[in-house]
Structure formats: C-alpha cells, structure tokens
Amino acid sequence: MLWYCVKRLLRSLGSLCIIIVIVFCLLRLMPIEGYFPNYDKMSAQEIQNGLQKMGLTAPLYQQLFHFFGELLHGDLGVSNIYRVDYPIVRIIAQKAPVSIEFGLIAMAISLPLGLVLGVLMAKKKGGFWDQFGTAYIVFIEAVPIMLIYLFLQLYGTGVFHLGILYDSDKPATAILPVLSLALPSVSGYAMWLRRFMVDESNMEYIKFAKAKGVPNNAIWFRHVFRNAMVPLVQLIPGSLLLTIAGSIYVESLYSIPGMGGLLVDVIKRQDNTMVQALVIVFAALSIFGLLLGDILMAIVDPRISLTKKAVSR
Amino acid sequence: MEREVVLSVRDLNVKFRMRKKALHAIRGISLDLYQGESLAIVGESGSGKSVLSKNFIGLLDKNGYVESGTIQFGGKDITHLKEKEWEQIRGGQIAMIMQDPMTSLNPLKSIGWQICEALKYHRKIVGQAAQKKAVELLTDVGITEPETRLKQYPHEFSGGMRQRVAIAIAVACNPQVLICDEPTTALDVTIQAQILNLLKSLKDRYGLTLVFITHDLGVVANIADRIAVMYAGDIVEIGTCDEIFYDPKHPYTWALLSSLPQLGTKGEKLYSIQGTPPNLYLPIRGDAFAPRNPNALAIDYLHRPPYFQVSETHKAKTWLLDSRAPKIAPPEQIQSIRSICFLGGETDGRE
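Sequence lines, in order, name chains A and B. Here the first sequence is numbered in the UniProt record's numbering, starting from 1 and rising by one per residue. Here the second sequence is numbered in the UniProt record's numbering, starting from 1 and rising by one per residue.
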C-alpha cells in the first residue's frame, strides 16, 4: 500500500516536472512585451537592461535550472504587469482561499445530492427518478453552461431579492454562485454513479448474493453501491480541484475575488510570469487530483494494494 | 422405491418478452425432484435448462414470466412468490452455484465476510460464532489454512478455490436443494474432477439434493443418478443414468450421445447434429426435433408426442415408442458406448 502510494507520487512528480519544462520553454517564446508594464515608452537599452536583470538573456537551460531552484523554495517569481514586482505566490495566497471555500461548499451540496439521485436512478431503471435524472442530466449537458449561469443570476437575484454581485459581508449573496457551481456537478455525480451501479448490478456476484438470500436493500447498499463507489471515488478529488480552479464564469459573473478569473485576466494582459505560474499551479492541481483519486481508490479497493504492478492511468 | 418428492414441477410454461414478441422458453415441463438424488439436466445451449432452474430460485430475468403451471416446494407453489418470501427460500432452502467462479464472488469483500453474510440472514449467526462456522465450512470444502483464507479476497484465490468458496457459501445454511449451473464449465479438467468429487461428498454429508445443469455428458456420467434431456424448452427424455446412456429412446438423445468426442473413430469426422434448433418465437407443431431428425415420421410434423413410459423410471417423448411406429434402431456408435472406458470405470462401480 505504502509502496503503491510512493510509486504513484514519484510518477506524478515526474509528469509535473515535464509539464513545468514545457510550459517554461513555451513561455520563453512569448513576446517580451509581457515582462514590462510600460514597454511602449521604453528605449531599446532599457529593455535590454531589464531583460538582463530578470536573467532572461542567459541560455535557456540556465534559466530553467534557476527557475527550478526558486520553485524548490516555493517561489514562483514576481508579477510584471498584473501587480508590478509583487510575488505571485502572495497573489495566489490571497485569491485561492475564496475559490477553495466556494468549491468545498459547492461540493458539500452537490456530492450528496448527486449520489442520492444516482442511487434513485439506478435502483429503478426507467422509473420516475431515472427519467427525472436523465432529463436533468441531458439539460445540464446540452444547454451551454454559461446560459444556465446567466439565467440563474437573472431569475435567482429576483427570487431571493439579492444583489447581482457577490459581497463578502453578505453571506446570502454566496447562494447563487454556490448553486451555479453545484448544480452541474450534481448531474455529473448522478450520471457516473448510475452508470457504475447499473454495471455492478448486472454482475454475476450480485446474482450469487441474491441466490444466497441476501435481501434486496442489503444487496443494493452493501454490494452494488459500495462497489460502484470505487471508480467514482477516483473522480471526486479531480472534480473538486477543477471546481476550485475552473469556476471562471461563475467568479467573473458575480465578481468573486477568486482564482478563476485570474488566469484569463493575466493572459489578456500578457503577464508572462503570471501565466507561467498559474498554468503550473493548475497543472499541479490536476495531477494532485488524479493522484489523490488513485490513492483513495487503493484504499477502498483491496485488489489494488496487493497487486505488484500498479495500473497506470 | 417410493421416494419423497422435494420439488415438483407441473406443466410449466415460461415466456420471455422480447421486443413485443414472446419467446416460449419452457414449453410445458413436468418434473419431480426426489429427496437426496442428483438430477442432471442436459441439453444444448438455448434449450432452456438454465431458465428452468432459475425458476426454482426465483431469479428469472426481469422480462421472463411464468405463463402457466406450478412448482410445488415445501408445501406451496413458488411460481408467483413475493420477493420477501423468496429471500427465505433462497440460500436457506434452495441454493445455487454459478458457472463462473471468477465472477460469482464480490471482489471487494473478504471471503469470510461473504460466508458470514449468508449465515447472518438464514441462521442468525453473527460475530465469533459465524467466524467459527465459516472456518468449519472452508475446511469442509477442502481449503487449507481456513483461518488465514477467511481474511483474504477473491483475487487471492484460484478458479478452483473460488468455486470451493462459492460451494461453501451455498451449503452454509444447509439448503435442501443445491442447483449447480454448469459448475465446472469454466474450470480446467483436473479441477473439474476435484469439484465433482467435492460435490458428491458434500451431498452425502449435508443430505443435499443436487440439480446439475450441464452440457458435458462426461460430468453427467460422473455424478448424476437421473438425467433429463432437454430440447427446445421441453424434457424429451428422462431416466436413470444407465437408462439414458445404454438404452436411449429419443432420436435427440441418440444424436446427443453420438456427438460425444469419445465415440468418434480416429480419422473420421465427428458426428454433429444437422440443422439448428427451432425458433422459439414461433409456435412449434409436432415434435420440435423432427426437422433435424433424419428418421422423422410423418406424424412428428403434425402432433406433439406424449411421454411413452419405457420403464418405471424412464420415459421419452417420441412417436417411435408408439406400437404402430416402425422399428428404428439407434445409431451404431452409441451401441458401443458401454465399451468406452470413460464411462466403464465409473458406472461399473455403481452397479
């Protein structure tokens, strides 16, 4: 078990390093305007000096080594345009908690709802809940998500008599953004759980459990649900991290001071070092999510901890 | 030899709803299962042998239904039981083991947990007592070091071992009847023999009545007291093991026995039955086997034959047994069946 975790961790670190190298090299190809807030007004000499000061004139491999060295100290460099000469780590530290809070609350709502809906759908295929759930899933998947957000904001603010924008002093204003984040994930969880449960319920061992006289409810909860959670558990951390990192629309719609809008913002403003740092952070989050999912799965599935060869994903 | 009837099927008709059409899978079967016997149901794929046995345990697929007929078990008709009533019977009175031991155990639960689960519902044994009983059961099915094995998961067992565990679970609650749905098909030959011997010894120890579903006549010869030959949803011939092997009367039984690989002569083509089984969506007129029977009589195409009693234990549904029918001798190959070694050793011992 421990060996499995260590191996997966090492592999994740490996992929992260590769991503960092690629991102770093790609961003060196970006126009150098992105390093200076007032590029247009600078002379060629000033630009040259500036680049030298930032170490950007050195050979690529030296820059890369330098960057990795800084990274080990937890330093992602400084912002050049978004907030001049301000450490990027501190910008993220201010923004991330807001996003994490929203993400966690949204998940605390969507996960139980999604699981309950999924169970209800799977238990009676073709029944009321299955049809309701399918309609809901189709609606969420088919209608552009932006449109759903907009309508939620439009009608939600009217129904709850709330302001359009998020205000950290008024907790009630968080309802709509949290709902916007939660509702789509409900459909995701329900869809996957239903599918996994239907798969499991058709297995031979379910028939065998029935043949040994286990009551129906016990079969559903101790065999079908339990086993269907194994593949689902693997998806949960990833989807949580994506909610945290990727709530771009919702955060900008309600002007929430979180991480979501930040990446779009710095790309638009060509802040090269910020783009680089954020892409690396997001990549690290996704890899961490996958890793966490795999480890969770190893905990709930006895087959994994005992196989010598880890299944690669 | 009046023996107690455990389970009695009368005029059972089972149909499946398939895309608005009805598939007539069991066409009026009557069958008695005697206490302590082992009955083998043989027939080709799709002949309805599994469907028949699934009725005994209430696990018919959702689109299947009993159209008419009864199955008497324990003093009541079990064809239209509620799910709650089935939970009492399944495992406790009628148990079943499946074809593929690799998939019939829950991969995420320890063996001990899965045995104790059966004990919990039927015998209300839990905790330490259940553990002890589980150890006993594993010992009974020939698993060494049962205490350690209990804590292990199915993937740590080989196929043969898993089938032993499945058997342990099935007999955990002392059922009267054990249905074995092709229990050895997925195992290799050496393991097959072990499992069959295990089942035989458990049958005596636990006083089980075995229903064996198989298409492997070698397995049948090994374990069965009586054989029911199924074709197109009907039992065309039923008799003791010796009667079916040495004195078969139905042309389908002849064909089935002739296609035994052991009866082939080296260098010659193996016998195979011509044609395909009838379409069960359409009503069948006369004898279902007639179109594939080279010796079919005119009446075979018109009227369904009734059972003709050959002996007290042996009957067959074929017009050949009618006194007016021409005498057609069974094919030559199966006359020599007695000299085939694979049967010889086993049956001599029994006689």
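Hint data in this document are derived by calculation from the structure and do not stem from the laboratory. Glycine residues also receive a C-beta, built at the ideal position from the N, C-alpha and C atoms. Please note that the accuracy of each hint is not assured.
Example chain B residues on the side facing chain A (calculated, C-beta under 8 Å, incomplete) [what the hints assert, rightly or not]:
| # | residue |
| --- | --- |
| 1 | 90 |
| 2 | 92 |
| 3 | 104 |
Exercise. Failing hints, ascending?
Worked result: none
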